[in-house]
Amino acid sequence: MKIAIASGKGGTGKTTIATNLALTLADKGKKIQLLDCDVEEPNCHIFLKPEIESTAPATVLMPKVIEEECTGCGICAEVCEYSAIAVIKGKVLIFPELCHGCGACKMFCPEDAFIEVPREVGVIEEGKTNGIRFVHGLLNIGELMSPAVIDGVKKAAGEQDILIIDSPPGTSCPVIAAVKDAEFVLLVTEPTPFGLNDLELAVGMVRELNIPFAVAINRSDVGNEDVKKYCKREEIEIILEIPDDRRIAEAYSRGEMVIHALPEYKKTFETCWEKITDLYQNALHTEQQEKAATES
Amino acid sequence: MLSIQNNRKKQQRKVNIMKEIVVISGKGGTGKTSIVAAFAAIAGKKVLADCDVDAADLHLVLNPRIEHREDFSGGKKAKILEDKCISCDRCIEECRFDAIHYPVLGNGKTADTPYINPIFCEGCGVCVRVCPVEAISFEPAVNGAWYTSSTNYGPMVHAKLGMAEGNSGKLVTLIRQKARDIAGRDNLDYIIIDGSPGIGCPVIASITGSDLVLVVTEPTLSGQHDLLRVAQLTAHFRIPTIVCVNKWDLNADITEQIEGEAKERGVQAAGRIRYDPAITEAQIMKTSIVEYTDGAVSDDIKAVWQNVLHALA
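Sequence order for the protein chains is E and L. Numbering follows this note's numbering, in which position 220 of the first sequence is assigned residue number 220; successive positions increment by one, without gaps. Numbering follows this note's numbering, in which position 194 of the second sequence is assigned residue number 1194; successive positions increment by one, without gaps.
These are calculated hints, taken from the structure and not from any lab test. Careful, some of the hints might be misleading.
Covered stretches of chain E, going by a simulated chain L footprint (3 or more residues, C-beta under 8 angstroms) [unchecked claim]:
(1) 66-77
(2) 92-102
(3) 123-133
(4) 137-143
Derived Cβ-Cβ restraints for the label pairs, each shown as a range [to be verified]:
(5) E:Ala56 <-> L:Arg1096: 18 to 24 angstroms
(6) L:Asp1294 <-> E:Leu262: 33 to 39 angstroms
(7) L:Gln1257 <-> E:Leu262: 32 to 38 angstroms
(8) L:Tyr1275 <-> E:Ala292: 52 to 58 angstroms
(9) E:Glu67 <-> L:Ile1017: 45 to 51 angstroms
(10) L:Gln1177 <-> E:Ile52: 38 to 44 angstroms
(11) L:Ala1296 <-> E:Leu262: 41 to 47 angstroms
(12) L:Asp1089 <-> E:Ala249: 52 to 58 angstroms
(13) L:Arg1069 <-> E:Glu183: 23 to 29 angstroms
(14) E:Asp181 <-> L:Arg1265: 35 to 41 angstroms
(15) E:Ala249 <-> L:Lys1109: 35 to 41 angstroms
No residue lacks a Cβ here, since even glycine has one placed at the ideal position from N, Cα and C.
Chain E with its partners taken away, still in its complex shape:
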C-alpha cells in the first residue's frame, strides 16, 4: 500500500507524521519504505538518521545538437513550447533550465541532428534505518525541475508492504508528482485560518486526482474550530489529532522522534494507521460496489 502525507500549508507536521508512522509500523514488524519526496527541503533524514548506502544522480534528458548535421533551419525552436531553444544566425542555442525534456526538437528535426543526453538536476540517496528502507532526493541548487527528482525517488523505491511518501508543501507540480500514484493521502493541517485555507486547496487537489483521503490536525488545541466544522460539512474524516505539546516541539527542534521522546504517542500513531487501513478498505469496497452496480 502506498500512502502520501501532504499539506497545502508548509510546516504543519508532514515529516513528523511520516517518520513516526513509519517507525511505529516498522517496530511492529511491518516491511516499510519511506520516500522523502520533498526534494527541495528534505528533512526526514534528520529524524531517521539513515545509513546511506548508495547515491545516484537524478537526471532529465536534454537535447544536444550535432553541429555537422545542423542546417540552422529553426524548426527545433518553432516546436519548443518552452522557449528553451533559440536559433540565432543559424546556430542553435539551448537553455537547459527551461527544457522539460519532451523530445519535440529531436523528433521533428528534419536532419536528425539531435541526440539526447542526461543532465543532472539532483541526487538520489538510498539507505536503511531501524528496519525501514529509506530513499530521498535533493534538488541541485538553482535547478527548477523538482518533479524530475521526485520521479527519481519513486523509481528507486523497492518492493515493500507499505510505502510512505513525505510530500513537499503546496498544491502544484511537485506535489502532484509526489502524490499522483498514492492509494491514500493523509492531509495534515493546523486549526488556523491559514491552515484551513490551504487545506481547502489540498482537498481540491486530491479530489481532482480522485484519491481517497483523510485529515490529520496538528497542534489541534490552538486556533479555532473552523477546520473541524469544514471537515464535518465536507464529510471528511479526521483520523489523527496531535495536541500543541511543548515537549513535542522541543523534541522536534533537536531532531528526535516523538515516539522516542514521548513513548505514550506510539498508541496515537498505531490508531492512526488502523483508521487509514479501514478507510482505504472502505474506499476499495465502495469502488467495487459502484462497478458492480453499473454492470448490472
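Following the hints, position chain L against chain E.
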C-alpha cells in the same frame, strides 16, 4: 555639463529608488506571511505582492478589495477531439509525461478514444504534431487568476492558481511585474513580497533580481538544514540576504548556531522574534500582530523591519 549629467543621474535615482524585498523561508510554516502582514502595517509607501501562489494566505490578513481581475494562462493544453480520433495511439507512444490513456469507464470497460489528463499534460504539443488526422486541439488553458487590490495598507497584487496546476513560476513573474508597475506609477518606496517555501521554481522566480531576501527560519534542526539550502540558493543568484529566527526562544542554542553559520556565509542576522501565541490569535482576528498587540513580540518584528531598512541602505 558634468553637473547637469550628475543632476540627471540624481533625478533618475530618485525615481528608481523603489526597493524589492522578498520574504522566503526554505522550510514551510516558519511565519513568513505573519511577518509580511506586520511589515504591511509598519512600512511606509509600499505595494504588497503575494507570490506564494500555491497556497496564498496574505489576503486572509490584509482583506484586499479587488479592483482588477484577469485570467492567467500558464501555457497550452492538448485535448483529443473524439469525433476525429482514429485511435492510432501515436500520441500515447510519443507522450513523455504519460498523460494519455484509455480511461476505464464506470462499467469496467475501456473507452474507445484515449483521453489526455490535463493534470499531467505539460503542454509540449508533441501529440498535436504527431497526430495524423489533426484530432488534437491545443489552446491556451486558463489555470488561475491574478488581482490588483487595495488594502488599508496600500495596494496589493495577488493570485489564485487553479487546482493541481503547474507553471507557478510564470505566475510569480507576472505578479512581480504588476507590483513593479504599481510601485513605479505611484512612486512607492518598497515592494514587499511574500514568497513560497522550498528552493525550486516559484522561489527562484520570486527572488531573481530583487534587492534583498529576508529568510525567516525557526530554531530546529530542520530549520537550520533548510536555511543552509536557501542561503546557497541566494548566493547562487548573488542576492543580498539576511536571516531572522522566529520563535527563537524555543531553542536558544540552535538559534545561536543558525546565526553563526549564516554569518560565515555572509548572511547577517536580522533579529530574533520570540514565541508568542498572540501571533496565532492575530491571524484568527484577521489582523497583523503589530496592530493586535503592543507586546514585546511586536517590538521584535519592528526591530527586524529596521534591520531590513539598514540592509537596504
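Hint check, failures only: Of the numbered hints, 1, 3, 7, 11, 13 and 15 do not hold.
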